[in-house]
Amino acid sequence: GQNIDQPTEMTATEGAIVQINCTYQTSGFNGLFWYQQHAGEAPTFLSYNVLDGLEEKGRFSSFLSRSKGYSYLLLKELQMKDSASYLCAAITGGGNKLTFGTGTQLKVEL
Amino acid sequence: DGGITQSPKYLFRKEGQNVTLSCEQNLNHDAMYWYRQDPGQGLRLIYYSQIVNDFQKGDIAEGYSVSREKKESFPLTVTSAQKNPTAFYLCASSSTGGSTDTQYFGPGTRLTVL
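Those protein sequences? They're chains A and B, same order as listed. Numbering follows the numbering used here, with no gaps: position 60 of the first sequence is 60. Numbering follows the numbering used here, with no gaps: position 13 of the second sequence is 13.
Don't read these hints as lab results, they were simulated from the structure. What you were told as hints is all true, and nothing was included just to trick you.
Among the chain B residues that face chain A by a calculated CB cut under 7 angstroms, a handful are:
id, residue
1, Gln41
2, Gly42
3, Leu43
4, Thr100
5, Thr102
6, Phe105
7, Gly106
8, Pro107
9, Gly108
A few chain A residues that face chain B, going by a derived Cβ cut-off under 10 angstroms, partial list only:
id, residue
10, Gly40
11, Lys97
12, Thr99
We put the beta carbon where it would ideally sit given N, CA and C, even for glycine.
My request is simple: use the sequences and hints to build the entire structure.
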């Protein structure tokens, strides 16, 4: 079956850096997405990795290691508005089917 | 102003009633998807469609039905056969349904069955 694991909750301080990890065990893996979701709202796209390595987009970066079945999302210069759930989703089954993790609820404190 | 709309935002129904959730997109995307989100669980795929007049079951299709008569519309019907229908329902779309296409989400409909 498909399995995606990520921590349930994390807390960090405004202005700091936080790393949210995601491990996956899936068949037909073809890339990994990160989404941000504020409570009661739609998930919004943050990043996509298909090759090993780091993708940087402003304050957000995402890393993928296909051999280790591992990804992380790095958030720099944390702001209060970054308090949200961060969803890791793997493309599985060789098509555009996404398997989602349960999400990591990040709380940014003063 | 392009995007995905879902209506209504909140919906209440009595047990045993069918209910249809609306999803419309003006992004000219070929593929559309329906997910369900429950507390403590990841999003789970209900149905998806990669082209008009064609759709496939996702992981949890039992108790749901869909249609795709127009490219821009993909309504979801929650039938009385769905045992636990109370959830947050999210519609998404992507350009071609290809393996690396980003899926973009609508604002969601929170369905409560009383």
